[in-house]
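Under numbering that gives the first Met the number 0, the sequence shown has 367 at position 368, and the numbering climbs by one with no breaks.
Take these hints with a grain of salt, some might be off.
[To be verified] Ranges of calculated distance between the beta carbons of each label pair, as one might list FRET restraints: (1) Val349 <-> Ile215: 46 to 52 Å; (2) Gly180 <-> Ser134: 22 to 28 Å; (3) Pro140 <-> Ser272: 28 to 34 Å; (4) Ser214 <-> Thr402: 42 to 48 Å.
[Claimed, not checked] The list that follows gives simulated cross-link-like pairs (lysine-lysine, BS3-like), each with its CA atoms no further than 30 Å apart: (5) Lys78 <-> Lys236; (6) Lys177 <-> Lys195; (7) Lys236 <-> Lys195.
Calculated directly from the structure, the hints in this document are not laboratory data.
Note that this is a predicted model, so its numbers are computed, not measured.
Beta carbons: idealized from backbone N, C-alpha and C, even for Gly.
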Amino acid sequence: MRWLVLVVLLSLPMLAALPPPRLLNIPFQGTVARVDSDGGNLLAIAFADRNLLGLYFADAGSYVEIPVDSPVVKTVFPKGKAVALLSPGDRLAVIDVASKKATYVSLETTATTIAADLENVYVAYARAGKIDKLSADGLQPVETISSTIASGPDYVSVHGGVVWTVSPTLNTVSFHGKDSGNIVVDGAVNKILAVKDGAWLVLTDDTVVKVSGTSIVYKTTLPRATFVTSVTALDDKLVYSSVSRRVVGVVDQTGYREVSMPSFSPSSVAAGSDRRIWFLDTASNSVGYTFDSDSPKILDWSIKRLEDGSAEVRARVSDPEGDLASVLLVALEYGGVFPLGPVSTPMNSVQGVYVGTYRPSGGVTRAELYVNATDAAGNQASQKIGEVDYRASNTSPVITTQTGPAPQIGGGALTSLAAELLLLVPLMLVATFLVVNRRRKRKPRKKK
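Based on the provided sequences and hints, a complete structural model is requested.
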């Protein structure tokens, strides 16, 4: 049994993960089609079957609906306004966020998509091969950019006045600003996302490429069959969702990290303040969120035997964002070879060190000790720090302290491990019964 526990622990995945998702209870009706954000606390909710734009104010927890002439395709936020492209793409609805009133601007023809930066709105016309740059104040024409553009909502993106586009061949990307140029990639571009120092490209084969100017500066590959459905920018990072794998992830130039959502279908993502990532769950027709937040780190630890046979645990814990919420001492207890289950005790901070005491339950012969840390975003880290063996004595147990950089696993994984060990109990009882019963059948009869 001890060998089995070790194997399970060492086989746990070591990839970084985002914190668990949470759903909001926003009182809307209709089928949600898309979410967009101003990068702060304002979330725009578009509906496939209702002529309105929903606005959710995250800081106040309030929700309002603005009637518009037709369903919203996409919403952007220049200078405190919400500008929505309306279906079928021939009108813009300009909504003053303060007054909640909408005005309309007619377009010269059907637009493919829209984009925005802080100063301007960009309206793309794939058939005409151009992008109209409009002022944010009055949506007056500022400039027309000629560019061959693929027809689709995810082939134009803007940041800081630099417009990035994907050509109809899907393997060529162009940028237009103070400088301009083209870059050819090995594959078909599915989505493009402009950021401060370049653009992220998502290819149809799940490859993610970052380009800057005419150079490829980073490349990684997402897990097979990710089939990215939506992207957004969080600072200079790429945020993506995948309905096929039911994940939301973040890519930067160190790699990617994800949160698995087995019960959700995240079809659209948007980025808010405080590293919040909004997502649309089409399975429940709800809006949820997670965070781009790093897990706490468990750095140093020690175990001290007390006079009554209990064990005092000390650990130094840090959190990159400084929002540590709780630290627990978790013990996986055993009675002989049988797992008795996990027990947890809060640890208190004493001069920057977390201290907790483990007192064994009745019938415990051995306990594996872990420190579990959780931050405000829900990230967890768990570190095995050692074992306490009571088989020889209840008051003088043998203590073994974990040394070296042992794997730190998520708290969810630790709970799952404990549950799996408990499931082994009935199996072991059945196996023991079968062995004993077989021996009885084989017992030779005495001769008369």
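Evaluated hints:
1. The supplied range of 46 to 52 Å is met by Val349 and Ile215, whose beta-carbon atoms lie about 51 Å from each other.
2. For the pair Gly180 and Ser134, the supplied restraint of 22 to 28 Å holds, since their beta-carbon distance comes to about 26 Å.
3. Here the CB-CB span from Pro140 to Ser272 is close to 32 Å, well matched to the stated 28 to 34 Å.
4. Here the CB-CB span from Ser214 to Thr402 is close to 45 Å, well matched to the stated 42 to 48 Å.
5. This hinted pair checks out: Lys78 and Lys236 have alpha carbons roughly 22 Å apart, not beyond 30 Å.
6. Between Lys177 and Lys195, the direct Cα distance comes to roughly 14 Å. Compliance with the 30 Å bound is thereby established for this hinted pair.
7. Taking the CA atoms of Lys236 and Lys195, the gap is near 10 Å; set against the 30 Å cutoff, the hint holds.
Checked against the numbered hints above, the structure breaks none of them.
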